[in-house]
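S.K.: Mind assembling these two chains? They're in different frames, but the hints should get you there.
So you can see what is in the structure, the chains are spelled out below.
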Amino acid sequence: MATYNVTGVGGTTGHPSNGRTPYLVENTIDVSAVNGDSGAAQNDVLQAMDIPAETVIMEAGIEVITACSSSVTLDLGITGGDVDIYTDGDTNATGYSTLTATARHVAAAADTLDVLVLSAASSAGKIRVWAIMCDVSGINESDQNTSTQHDTAV
Amino acid sequence: MATYDLRQKTNASTGQKVIPSQEEIRIQKLENKVASQTEKLDQIVAMLNDLSKSKSTS
Numbered sequence: 001m002a003t004y005n006v007t008g009v010g011g012t013t014g015h016p017s018n019g020r021t022p023y024l025v026e027n028t029i030d031v032s033a034v035n036g037d038s039g040a041a042q043n044d045v046l047q048a049m050d051i052p053a054e055t056v057i058m059e060a061g062i063e064v065i066t067a068c069s070s071s072v073t074l075d076l077g078i079t080g081g082d083v084d085i086y087t088d089g090d091t092n093a094t095g096y097s098t099l100t101a102t103a104r105h106v107a108a109a110a111d112t113l114d115v116l117v118l119s120a121a122s123s124a125g126k127i128r129v130w131a132i133m134c135d136v137s138g139i140n141e142s143d144q145n146t147s148t149q150h151d152t153a154v
Numbered sequence: 001m002a003t004y005d006l007r008q009k010t011n012a013s014t015g016q017k018v019i020p021s022q023e024e025i026r027i028q029k030l031e032n033k034v035a036s037q038t039e040k041l042d043q044i045v046a047m048l049n050d051l052s053k054s055k056s057t058s
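Chains as they are written, first to last, in my numbering: chain A, 1 to 154; chain B, 1 to 58.
Be careful, since some hints might not be right.
As the list claims (entries may be wrong) - No more than 27 angstroms apart at the CA atoms, straight line, and that leaves these computed lysine-lysine pairs for DSSO-like:
1. B:29 / B:17
2. B:29 / B:9
3. A:126 / B:17
4. B:53 / A:126
5. B:33 / B:17
6. B:53 / B:33
As the list claims (entries may be wrong) - Computed beta-carbon distance windows for the label pairs:
7. B:37 / A:132: 28 to 38 angstroms
8. B:30 / A:1: 11 to 21 angstroms
9. A:2 / B:37: 51 to 61 angstroms
10. B:40 / A:7: 17 to 27 angstroms
11. B:48 / A:24: 44 to 54 angstroms
Rather than coming from a laboratory, the hints here were simulated on the basis of the structure. Note that beta-carbon positions come from the ideal geometry of N, C-alpha and C, so glycine has one too.
Excised from the complex, chain B in its bound form (with noise of 0.2 angstroms):
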């Protein structure tokens, strides 16, 4: 008799996984989204300092 630790991901066991529900699957992705959008504010903000100062400066 012997034991095998399959509980993580071996060449006999995927490992074992918590399945998230449909709601978190949902909200998983809005917050994937705000993420997102929260990266392409902080370009933005920072093309307009960038442009701030360079007009301060001409």
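Chain A extracted, bound-state conformation (with noise of 0.2 angstroms):
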């Protein structure tokens, strides 16, 4: 067993603190309005936001400002993957969704952050989606390193 280290100039001065930095996106969606102020139907999916690629969702979840009808649970995730990956059937109490355990989303492609209504039909509810994101995608994602930093083991 060997270690290469091919982490590239820097040596142990460490990060700049100019470096890419996560930012915090939110939409405040008022279910009550949502289709022609009928409110969520069981199983609705409603679109938050957009994510784009090569983005990690570092974190998200759901802010239940006004609590949506009597049963409705809320996933967030992403629709067609995991559609619960941040928050799995919150109960819709006021106050910030419950974090999962689950490992963070890295969108390859765009997609969309999504809300899933599940267990009944909602005529009320005022909830605010928040997401940090950050970009992950490369700025050098050729190898330019010279082959000795390759094949020499520390």
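M.R.: See the structure below:
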């Protein structure tokens, strides 16, 4: 077993403070006003925000500002993927949803972060969907190190 | 089951918003201030040019 140092230049000086930073995105949704003020039906999908390509959603959740109709539960995740990766069956009590422990999502291609209305229809409720995202696209995706750096064990 | 696109501002949503950090807000204010000063300086230069022209013709 050998260890190869392919970290590139920089040594032990650490990462620069002006590197890419995560950012907060939010969208407040009035569930009662969806579908011409009829509210959301059971199993409806509410597309809350865009996820740009090559972006990791470091964390996301729902803040219930006004409770939805009785028995409604809420998922937050990726439709067609893991629909409850960030929030799983939140009982829509006012306050922040419980965060899941599932590994976080990296969107290879542009996608949307969606709320799934479950267990019952909802003619009431106001929720704020929030997400902390970070662009993880590469700026130097070709191998430019010298062969010596690769071939010499540390 | 239906899908509703609430990513933009609608009757039912504020639309998605990127919330700037305190530092970004401070930089934005600074940029606005610099832009305002630039505008004022441009006006002063224009007035001085006009003054210079009127003096040279008289």
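S.K.: Run every hint past the structure and note whether it holds.
M.R.: Status of the hints after comparison with the structure:
no.: 1; hint: B:29 / B:17; verdict: holds (19 angstroms)
no.: 2; hint: B:29 / B:9; verdict: holds (25 angstroms)
no.: 3; hint: A:126 / B:17; verdict: holds (17 angstroms)
no.: 4; hint: B:53 / A:126; verdict: violated (64 angstroms)
no.: 5; hint: B:33 / B:17; verdict: holds (24 angstroms)
no.: 6; hint: B:53 / B:33; verdict: violated (30 angstroms)
no.: 7; hint: B:37 / A:132: 28 to 38 angstroms; verdict: holds (35 angstroms)
no.: 8; hint: B:30 / A:1: 11 to 21 angstroms; verdict: violated (52 angstroms)
no.: 9; hint: A:2 / B:37: 51 to 61 angstroms; verdict: holds (59 angstroms)
no.: 10; hint: B:40 / A:7: 17 to 27 angstroms; verdict: violated (49 angstroms)
no.: 11; hint: B:48 / A:24: 44 to 54 angstroms; verdict: holds (46 angstroms)
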